[in-house]
Amino acid sequence: MDMPLPDPSVLSRRARIWDRLAAALPADALITDPTETRAYECDALTAYRCLPLAVTLPRSTEEAAAILRICSEEGVKVIPRGAGTSLAGGSLPTADAVILGVARMNAVLETDYDNRFIRVQSGRTNLSVTGAVEADGFFYAPDPSSQLACAIAGNIGMNSGGAHCLKYGVTTNNLLGVTLVTMAGEVLTIGGPYLDAGGLDLLGVICGSEGQLGVVTEAWLRILPKPEGARPVLMGFASNEVAGACVSDIIKGGLLPVAIEFMDRPCIVATEAFAHAGYPDCEALLIVEVEGSPAEIDDQLARIKTIATRHNPVAYREAATEDEAKRIWLGRKSAFGAMGQMGDYICLDGTIPVSELAHVLRRIGELTASYGLRVANVFHAGDGNMHPLIIFDANKAGDLELAEALGADILRLCVEVGGCLTGEHGVGVEKRDLMHVQFSAADMEAQLRVKDVFDPAWLLNPAKVFPLDVTASRRAA
Amino acid sequence: MRPATEAELAGIIEGAEGPLAITGGGTRRLGTARGARLETGGLSGISLYEPGALTLVVKAGTPLAEVEATLDAEGQRLPFEAPDLRGLLGRTGQSTIGGVVATNASGPRRVQAGACRDSLIGVRFVDGTGTVIRNGGRVMKNVTGYDLVKLVAGSRGALGVLTEVAFKLLPKPETRTSLRIDGLSDAAAVAAMASALTSPFDVTGAAHWPGRGTFLRIEGFAASVAYRRAELQRRLAGFGAVDVAVDDPWPAIRDVAPFHDAAGDVWRLSTVPSEAAALAARAGADQVLYDWGGGLVWLRLAEGTDLRARLGPFQGHATLVRSASALQRFQPEPAPIAALTKGLRAKFDPRGLFSVEI
Numbered sequence: 001m002d003m004p005l006p007d008p009s010v011l012s013r014r015a016r017i018w019d020r021l022a023a024a025l026p027a028d029a030l031i032t033d034p035t036e037t038r039a040y041e042c043d044a045l046t047a048y049r050c051l052p053l054a055v056t057l058p059r060s061t062e063e064a065a066a067i068l069r070i071c072s073e074e075g076v077k078v079i080p081r082g083a084g085t086s087l088a089g090g091s092l093p094t095a096d097a098v099i100l101g102v103a104r105m106n107a108v109l110e111t112d113y114d115n116r117f118i119r120v121q122s123g124r125t126n127l128s129v130t131g132a133v134e135a136d137g138f139f140y141a142p143d144p145s146s147q148l149a150c151a152i153a154g155n156i157g158m159n160s161g162g163a164h165c166l167k168y169g170v171t172t173n174n175l176l177g178v179t180l181v182t183m184a185g186e187v188l189t190i191g192g193p194y195l196d197a198g199g200l201d202l203l204g205v206i207c208g209s210e211g212q213l214g215v216v217t218e219a220w221l222r223i224l225p226k227p228e229g230a231r232p233v234l235m236g237f238a239s240n241e242v243a244g245a246c247v248s249d250i251i252k253g254g255l256l257p258v259a260i261e262f263m264d265r266p267c268i269v270a271t272e273a274f275a276h277a278g279y280p281d282c283e284a285l286l287i288v289e290v291e292g293s294p295a296e297i298d299d300q301l302a303r304i305k306t307i308a309t310r311h312n313p314v315a316y317r318e319a320a321t322e323d324e325a326k327r328i329w330l331g332r333k334s335a336f337g338a339m340g341q342m343g344d345y346i347c348l349d350g351t352i353p354v355s356e357l358a359h360v361l362r363r364i365g366e367l368t369a370s371y372g373l374r375v376a377n378v379f380h381a382g383d384g385n386m387h388p389l390i391i392f393d394a395n396k397a398g399d400l401e402l403a404e405a406l407g408a409d410i411l412r413l414c415v416e417v418g419g420c421l422t423g424e425h426g427v428g429v430e431k432r433d434l435m436h437v438q439f440s441a442a443d444m445e446a447q448l449r450v451k452d453v454f455d456p457a458w459l460l461n462p463a464k465v466f467p468l469d470v471t472a473s474r475r476a477a
Numbered sequence: 001m002r003p004a005t006e007a008e009l010a011g012i013i014e015g016a017e018g019p020l021a022i023t024g025g026g027t028r029r030l031g032t033a034r035g036a037r038l039e040t041g042g043l044s045g046i047s048l049y050e051p052g053a054l055t056l057v058v059k060a061g062t063p064l065a066e067v068e069a070t071l072d073a074e075g076q077r078l079p080f081e082a083p084d085l086r087g088l089l090g091r092t093g094q095s096t097i098g099g100v101v102a103t104n105a106s107g108p109r110r111v112q113a114g115a116c117r118d119s120l121i122g123v124r125f126v127d128g129t130g131t132v133i134r135n136g137g138r139v140m141k142n143v144t145g146y147d148l149v150k151l152v153a154g155s156r157g158a159l160g161v162l163t164e165v166a167f168k169l170l171p172k173p174e175t176r177t178s179l180r181i182d183g184l185s186d187a188a189a190v191a192a193m194a195s196a197l198t199s200p201f202d203v204t205g206a207a208h209w210p211g212r213g214t215f216l217r218i219e220g221f222a223a224s225v226a227y228r229r230a231e232l233q234r235r236l237a238g239f240g241a242v243d244v245a246v247d248d249p250w251p252a253i254r255d256v257a258p259f260h261d262a263a264g265d266v267w268r269l270s271t272v273p274s275e276a277a278a279l280a281a282r283a284g285a286d287q288v289l290y291d292w293g294g295g296l297v298w299l300r301l302a303e304g305t306d307l308r309a310r311l312g313p314f315q316g317h318a319t320l321v322r323s324a325s326a327l328q329r330f331q332p333e334p335a336p337i338a339a340l341t342k343g344l345r346a347k348f349d350p351r352g353l354f355s356v357e358i
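Chains A and B supply the protein sequences, listed in that same order. UniProt numbering numbers the first residue of the first sequence as 1 and each following residue consecutively. UniProt numbering numbers the first residue of the second sequence as 1 and each following residue consecutively.
There could be a bad hint or two in this list.
Said to hold, decoys possible - Quick list of in silico lysine-lysine cross-link-like pairs, DSS-like style, CA-CA up to 27 Å:
1. B:Lys342 to A:Lys252
2. A:Lys305 to A:Lys326
3. A:Lys252 to A:Lys226
4. A:Lys226 to B:Lys172
5. B:Lys172 to A:Lys305
6. A:Lys167 to B:Lys172
To be clear, the hints were calculated from the coordinates, so they are not data collected in a lab.
Next comes chain A alone, as it looks inside the complex (with noise of 0.2 Å):
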């Protein structure tokens, strides 16, 4: 993976800018010391590492603007920054680029049960925007796994999904209205309380843009009152095949389950020596959860049980209380620290019809042996969005790149069945050069279009999401 090369000119007005940026900002907005810097230096993403120019840090949608200017003015690359838990690079920085991090802006600014909707400054944590309405009865609906970490910032950049968007849908589904800065500056408003906005969808196109189209400062969100109850079921099954079909039947059966999980052999056995949680040995295993009240829980796993006992699974679990149900969800809550017990591991985000799912797992295992590695699959089965984890050992060399190149194999055979190179995690670096294998050039064309409508001068997170060589001369120009 490479990064352009930084700026000399911008390298050489260095304290310039960051004197115009001190006269602008309160004196702990304003971070240039390399040692503090170091922080902000990658993401979620860890492999690849760039101390930025300087790091900014606004309270207010106000300090954001001015900092956007200053940039603006200055010719600066500006690197947006939510909590930094990009899985895909989405925040690394360059060394001429300055990041804008709207962690300190984490406010509540207005809730509104009657009109099912929350406001908040973008730096709030996911989580913390559901702990703010839950005493209420209410939430948040979208749940990337990082939720306890990770900004509704960096959600809305990268259109964030999460266990339960099977019914509740993603991000995109559950924004009203941001507050964006440009990249000169500008504040605008778009959308806001209500249901549709008129004229051209421009939150849908912000929504998942990387940060490349404007700074996200603050958001309207829908909450929506929390379901009476949920229960989740354990099933295993003799191969993966079965599993497969047991999740389209139980789709056709007119079932709509708040998740879907599946988890195959490798993944099994990692949590199982992780985390204890007592799962069957089997092939593959599902979680199942459903909502509502507990006669409509018990009336849906009742419906559930039909159909999956037509696939002969090899175990059955209900959960009958709430020590049984966190049981169930502890060894797939634990499959990531699993994997960190067995060594380094690389997670891709690509999606598959459902209806692929036993082909594409046989093809993995396939590559995974001719590459000598192991791989372990954990995954959003009920809209297709997989989890293959590929372990290796960062400290071996040629380890790391062996990796990186069975998961490039793994996502063109995603594009391949008819899915895409990620379904919640975003291209960032991570995807950026495989971008070619989903789309052709005037397809990426169409998309470069609009930044160069927002941005025209491509200085906001410039070298992610297309390929280098697709925007060079927009980044040059």
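Fit chain B to the given chain A structure using the hints.
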């Protein structure tokens, strides 16, 4: 012109020498496009339907009725309940799925299942240079590149001509029922609907039809619907008697049927529910219909009334859906937003072929 393939359509656009008026079935357009008529009806047929994956890919000129019949046979449906506006706009013809997407047409279930754009997962379209552009795909979780799917949905053909669209679907419920409360003022009705929509009972429709009642819909498995019906009746008892509605009011609400045979302009307000009743009062309308718990307000006023001037600033926007007047159909946008809109149109349609207002 009525191309039979995407390639033929692209050729027509590439070679066009003047504005094009794109039309699907002609049942939804607000008459703001000029130029040579370009029909999409020749691009018809279902490309892929996988009930087990809740996925449909369909050519843009396919009649909506054909799409709905195909899904119905498998016990599935488009989640967003597209309205049929023929009665309201005095049109005949067949609504196409492309027209539904181009206008982001979304009915009462929008409060629970989202709008058309929320179910739309992929598009193919031809831009103003005649280039075929693909975005999104056939899987329901996809954040690869920018989401032009949303940008194109509801753009009324201003950025290009849709040739194929892909949706995620929902199973049809086993049963449904509707509750009715009589005699509520508009403000009380909005409060009752808010109470229902903030309950955990998964209401899929909340509308107030003055003179007919305030309606709530619940859908799902029979036992669950019976349970939630009883719970909602208990919860809303303070607003008056909560009865089970005998007739299904939702097709009429979806299609704004109460306004069909009445003269005058028809406006559509999108706003914050709690402001809806006050806005309707300020409008001094001859007739009002509230959907989406009050978030959508249909108003009928004397022809030529400038509703936007009458309302002054408010949260949301007003669209003039039916009128013979010269009033602007769409709410004017603040200058910086209008500049973005103009910039995007110029990029996707540099020759200004797609003259439609948005």
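Each hint, compared with the structure:
For the proposed pair lysine 342 of chain B and lysine 252 of chain A, the alpha carbon gap of about 44 Å is over 27 Å, so the pair is violated. At roughly 20 Å between alpha-carbon atoms, lysine 305 of chain A and lysine 326 of chain A fall within 27 Å of each other, so this suggested pair holds. Between the alpha carbons of lysine 252 of chain A and lysine 226 of chain A the distance comes to roughly 26 Å, so the proposed pair stays at or under 27 Å and holds. At most 27 Å may separate the alpha-carbon atoms for a hinted pair to count; lysine 226 of chain A and lysine 172 of chain B meet this at roughly 23 Å.
Taking the CA atoms of lysine 172 of chain B and lysine 305 of chain A, the gap is about 20 Å. The hint holds against a cut of 27 Å. Restraint check for lysine 167 of chain A and lysine 172 of chain B: satisfied, since their Cα atoms lie roughly 14 Å apart, inside the 27 Å limit.
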